[in-house]
Amino acid sequence: MKFLMIEDDSAAADFLRKGLSGFGYDVDVAHDGEQGLTKARGNLYDLWMIDVMLPKLDGLSVLRTLRDEGRQTPALILSACGQVDDRVEGLRAGGDDYIVKPYAFAELQARIEALMRRARNVETLPETTLEVADLKVDLIKRSVSRDGQELFLKPREFRLLEYLMRNAGQVVTRTMLLENVWDLYFDPQTNVVDVHVSRLRFKIDKYFDTPLLHTVRGAGYVLRADG
Amino acid sequence: MFFARMAELRATTPVRLTLGFLSLFTLGSLLVFGYLNHQLSAALREQVDAMLRDQRSVFVLQQQEHGISGVYSLIRNELKDKGDDERAYRVLDRGGRVLLEAGSVALPELTLQPRIQELQLSAGGSVRVLGFSLPGEATVFVGIGMQQTARLKAGLWRAFVESEVLIILLGLVVGFWLARRFRGQVEAFNQLTLKIVNAGDLSSRMPVKGNDEFAALAANMNAMLGRIEKLVQGVRQVGDNIAHDIRTPLTRLRADVELALHDGNPETCRATLERVLEEVEGMHTIVNSLLALGQAEAGGMRLKAKVVDLSALLAELGELYGPSAEDNGLELESRVAADLLVHGDKQLLAQAFSNLLDNAIKYVPAGGKVLLTAVRRGKQVEIVVEDNGPGIPAEMREKIFERFTRIDPSRTLAGSGLGLALVKAFVELNQGRIGIGESALGGAAFKITLPAFSA
Numbered sequence: 147m148k149f150l151m152i153e154d155d156s157a158a159a160d161f162l163r164k165g166l167s168g169f170g171y172d173v174d175v176a177h178d179g180e181q182g183l184t185k186a187r188g189n190l191y192d193l194w195m196i197d198v199m200l201p202k203l204d205g206l207s208v209l210r211t212l213r214d215e216g217r218q219t220p221a222l223i224l225s226a227c228g229q230v231d232d233r234v235e236g237l238r239a240g241g242d243d244y245i246v247k248p249y250a251f252a253e254l255q256a257r258i259e260a261l262m263r264r265a266r267n268v269e270t271l272p273e274t275t276l277e278v279a280d281l282k283v284d285l286i287k288r289s290v291s292r293d294g295q296e297l298f299l300k301p302r303e304f305r306l307l308e309y310l311m312r313n314a315g316q317v318v319t320r321t322m323l324l325e326n327v328w329d330l331y332f333d334p335q336t337n338v339v340d341v342h343v344s345r346l347r348f349k350i351d352k353y354f355d356t357p358l359l360h361t362v363r364g365a366g367y368v369l370r371a372d373g
Numbered sequence: 013m014f015f016a017r018m019a020e021l022r023a024t025t026p027v028r029l030t031l032g033f034l035s036l037f038t039l040g041s042l043l044v045f046g047y048l049n050h051q052l053s054a055a056l057r058e059q060v061d062a063m064l065r066d067q068r069s070v071f072v073l074q075q076q077e078h079g080i081s082g083v084y085s086l087i088r089n090e091l092k093d094k095g096d097d098e099r100a101y102r103v104l105d106r107g108g109r110v111l112l113e114a115g116s117v118a119l120p121e122l123t124l125q126p127r128i129q130e131l132q133l134s135a136g137g138s139v140r141v142l143g144f145s146l147p148g149e150a151t152v153f154v155g156i157g158m159q160q161t162a163r164l165k166a167g168l169w170r171a172f173v174e175s176e177v178l179i180i181l182l183g184l185v186v187g188f189w190l191a192r193r194f195r196g197q198v199e200a201f202n203q204l205t206l207k208i209v210n211a212g213d214l215s216s217r218m219p220v221k222g223n224d225e226f227a228a229l230a231a232n233m234n235a236m237l238g239r240i241e242k243l244v245q246g247v248r249q250v251g252d253n254i255a256h257d258i259r260t261p262l263t264r265l266r267a268d269v270e271l272a273l274h275d276g277n278p279e280t281c282r283a284t285l286e287r288v289l290e291e292v293e294g295m296h297t298i299v300n301s302l303l304a305l306g307q308a309e310a311g312g313m314r315l316k317a318k319v320v321d322l323s324a325l326l327a328e329l330g331e332l333y334g335p336s337a338e339d340n341g342l343e344l345e346s347r348v349a350a351d352l353l354v355h356g357d358k359q360l361l362a363q364a365f366s367n368l369l370d371n372a373i374k375y376v377p378a379g380g381k382v383l384l385t386a387v388r389r390g391k392q393v394e395i396v397v398e399d400n401g402p403g404i405p406a407e408m409r410e411k412i413f414e415r416f417t418r419i420d421p422s423r424t425l426a427g428s429g430l431g432l433a434l435v436k437a438f439v440e441l442n443q444g445r446i447g448i449g450e451s452a453l454g455g456a457a458f459k460i461t462l463p464a465f466s467a
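Line order of the protein sequences matches chains A and B. Sequence positions in the first sequence follow the numbering used here and run 147 to 373. Sequence positions in the second sequence follow the numbering used here and run 13 to 467.
Only chain B is shown next, with the shape it has when bound in the complex (with noise of 0.2 Å):
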């Protein structure tokens, strides 16, 4: 169980990058510790080399000036002073026979060499010799034991051996840590897509814990989330809005064709395959105006633009669209400024205009007043489509431009539901805007502002 979770635990990130971070660790300061064993140890046998050179010295003053005898003191005191269990003397006559042996390092068999050398011992450890002639008398070994720069040794490889166990140990620790909570944090993620990739269920969110990094992931996760749902509710509602627009004009056919084929009157088959014909046009209008609207916005519109008259476009709709306004008991009125010149497709614009003048009058109740205005103000022409009808609530207005959105939600009123979204798009795609307001008249206003060309 526990080596099955190890091994799990093996796999994560911090895991990986803490075993990675330790065995550099190690590694650097075992070259560390290598170098300064190395420099330890010299500088201790340096030492021990010059304590070897004094001996000579002060050996060759005192024969100087005591004889031999002055020589045999010397050694007495010094292993006096400094305790035998380091030291050796050895004393020989010219001869080579032994004069003197003392110390308690026992010294092999040596033959006199001008530089320190270092001999092993039987006993075990080493020693540093250093031989020097006498003028005239005899022949001085001296050694200094290197038992006690071996112990230092060893006791610092000791405390370096367990302060590294320490570390190790604690980087373990910490790592597995970090990363059973790193884990846990990425496992929420993993659970969460997961969740949602096999039962679609997107309105699940990440809980928002603390403010590190998996806290910003998990807000801007919950934030791609929301904008998916609304997107995929968006998508829903249009396909539903469909089958709906669609539905009820069928339901309408199949009623009114059965009614017909059961009655077998040659005049009533007539009306209602004239009546036929009509709904299928209608529903011929809703799939292109989807089409066209589908085109326009993934850009698959080709577009060429050219200069358009606006006034005299607007004063042409303003024409065909008088006559309809009047017979709906409406007062159309247009007040379009000379020479206003856009750059774009004509059609498409006639096309947006038209859609807002035919709601005008679809919703502007009998004695109403719609009244179009366009004017240059700066760089921009700007056109107005304003009436005193009902208007539109505020909490409508966003939405309005959606595709199948309509104020009256029981679709009494004929209407697609798409003639402002293509309104929207069309002008979008002549590089326009369009906002909605309240009109002075006390209905709404349609606002629209296009880039006025100039040559």
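So here's chain A without its partners, still in its complex pose (with noise of 0.2 Å):
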């Protein structure tokens, strides 16, 4: 997979791009909007990462040219100013998703997943049932089933199993599971999300001997049927 990277502080984007490139992302700088520019034209990539703030020409405005150009890229923006409106400007402009800097490594990683994943699923009609070993979620009738079982969720509790089951196999963290759940952007003090996961975890895991949610130290959870 092959990304393009416009931020203009090298040293960030370096680290980046050899961070990434342990995930097996080959990685492409630019250093300022133009170049991004130029470069997200003359060349297929599978995800461009954009910072808001770059000289010549900023984040928003090369994003906006390359759409209205009908490019369709998924693009994550990159941003220093942590203001809701920012977010949802960014995401006005043509951004699939949005992160704030400094951000951890780990909620980077996991969003870059999800986009992917959401980027590869985007022909595919739309689900009605979700599948992970045998736990199962129809989201029509809005029941859960696992191994023949019906188990019996609260409408929050639903939200977040189908968030899990449709990023299923992927780490998501704390802050994606608030924005995408609650649609609420900013951190907690306390461990509010935790609590809403072990309630689940305790009502799909429980009783059953193969568990399926499991934390990530130091990212957040992950909903995969192997340990």
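Please note that a few of the clues may not be correct.
As the list claims (entries may be wrong) - DMTMM-like mimics (lysine to aspartate or glutamate), calculated; alpha carbons at most 20 Å apart, straight line:
hint, chain 1, residue 1, chain 2, residue 2
1, B, Lys391, B, Asp321
2, A, Lys352, A, Glu325
3, A, Lys300, B, Glu343
4, A, Lys282, A, Glu253
5, B, Lys318, A, Asp329
6, B, Lys374, A, Asp333
7, A, Lys349, B, Glu331
8, A, Lys300, B, Glu345
9, B, Lys374, A, Asp340
10, A, Lys352, B, Asp339
11, A, Lys247, B, Glu291
12, B, Lys318, A, Glu235
13, B, Lys374, B, Glu450
14, A, Lys300, B, Glu291
Hints in this document: simulated from the structure, not taken from any laboratory.
Hey, can you piece these two chains together into the complex? The hints should help.
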């Protein structure tokens, strides 16, 4: 997989390029908006990672221009401004996700994987059921069962499970859960999200032999069949 | 020494003012004196001239009644009555011969003129002379000396000069006295400011004496110094706190990493790295909170306010925190009225309320209760987060919203001391107010009021 990173801080860009290459991603770096625009037009990438504050041409203008030209490559916006309206503006400009600097590398990785997966699923029909091992979710009937046994979840637990199932096999962070399940964009000081996850885990894993919902230390959670 | 002091004093404002006023005064009084002198001279001259004209009438009458001998006896009587020192009489016959010369003023050669003439005398002074003919017989010149007038004017001038000198001296003395007094007080201010500039000693104060402008200035300056001192202390305190809050985890990090390196066991190293990550995240949170606070307080935060369904937001937060509260052995109850709308930034408000709920969960002991209420009161929406925990001591209630204030000074309980500062900043950014009081439940009650939105 090949990414384009438009980032003027060369130390940060270098660190990210090395970090991502460890996971098999090849990263091209552009150091300003104009260079980024040229590279994005001239090559096919799997993902654009665009910093907002750039010399010559700002990141959002670059993205808007590329989208206006009909290019559909997924875009992840990196920004030092953590304000909600910047987030909204970024997504409106055609970004697929938004991450605030400074971020944990695990957070970045989790978001990249979610984007890659979403990109792969773009052409498939909307799912009506989700399955991971013997855990099944029926999105129409809004019912959940494991090993044929029906489980009773509260509405929020259902949304939490749905999000985890849609991202099965990938790490999702607490911040991603808060954003996607609760629509809240901040870091709570306490472990509110963990409590919800552990309640969900109690319902789906407690009485079964193989646990499906795992904690990834320092990163977040992952729902997957194998240990 | 004295002159040096004078030169030094001359630069001061009151001395410049005094000198200016004295020169203006002198010039003004000279003008007045000149005018008076001129008027006085004219009046005196007029008086003399009237006397001369009277004499002419008397002489003409006397000659008509008694002939030339009547004229002589008249001159004798006049000199006897008025004294001869300022008088002069000369009588000539038709041929121009002098018939009589009387009086102590020596008249020069004269010709007959219709008007009164003023003549300078070789002996000094001047004399006014009127000449006239007595019908058929003789010509008479009558002179009246101006010596007395001159003396009067000289006396006036002396009195003027003497009083002028006296006034100038008095003015100078008062001016210099004022200057020294003024200089002393201004100098005290100068010394104080210099002391603060050079030594950075903000604890010095001006003595306040009396109740003039200087006392008011000193009092205001002291008040300003007090405010600055408090601000500087605040900034120092924040700096110290940041250092402390970053140093503590750094110390732990260092110790942890050193131990792991020494141990060398991959399992230990992994566990250590995970703890390191957590510590770094904690420090991260502190720095982010400080940045957000700085932005919010400096007004650098762009706020695109929209209509927020506060009822839904609070219900969502109640639902988010419910399980967490339950796990901590707390009962979290929400009493949120329906359809509460405010105009603001949803995420900032959510952050503010969640910080309050975080705090309640952190500080209220197990078995306690947390109550979240929201109602509309007139044009305001009132949100209260209260509990039956230990509460906040009355003396802390003002300070608690400042950065790094913690009720527990030993900082044993986790927390950055920034949460409530953020709450206040975010509430105020949304045009709201926050206060703290005692809850009917027994613990703390945080009351937030936001302007209600009405379409």
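Each hint tested on the structure:
1. Lys391(B) to Asp321(B): OK: Lys391(B) and Asp321(B) at ~16 Å, within 20 Å.
2. Lys352(A) to Glu325(A): violated, 27 Å
3. Lys300(A) to Glu343(B): holds, 19 Å
4. Lys282(A) to Glu253(A): Cα-Cα ~27 Å, so violated.
5. Lys318(B) to Asp329(A): Holds. Lys318(B) to Asp329(A) sits at ~16 Å (cutoff 20 Å).
6. Lys374(B) to Asp333(A): holds, 16 Å
7. Lys349(A) to Glu331(B): Roughly 18 Å separates the two Cα atoms, so the pair holds.
8. Lys300(A) to Glu345(B): Holds, at about 18 Å.
9. Lys374(B) to Asp340(A): holds, 15 Å
10. Lys352(A) to Asp339(B): holds, 17 Å
11. Lys247(A) to Glu291(B): holds, 18 Å
12. Lys318(B) to Glu235(A): Distance of about 15 Å is within 20 Å: holds.
13. Lys374(B) to Glu450(B): It holds: about 18 Å lies between the C-alpha atoms, which stays within 20 Å.
14. Lys300(A) to Glu291(B): Distance ~34 Å between Lys300(A) and Glu291(B) Cα, so the pair is violated.
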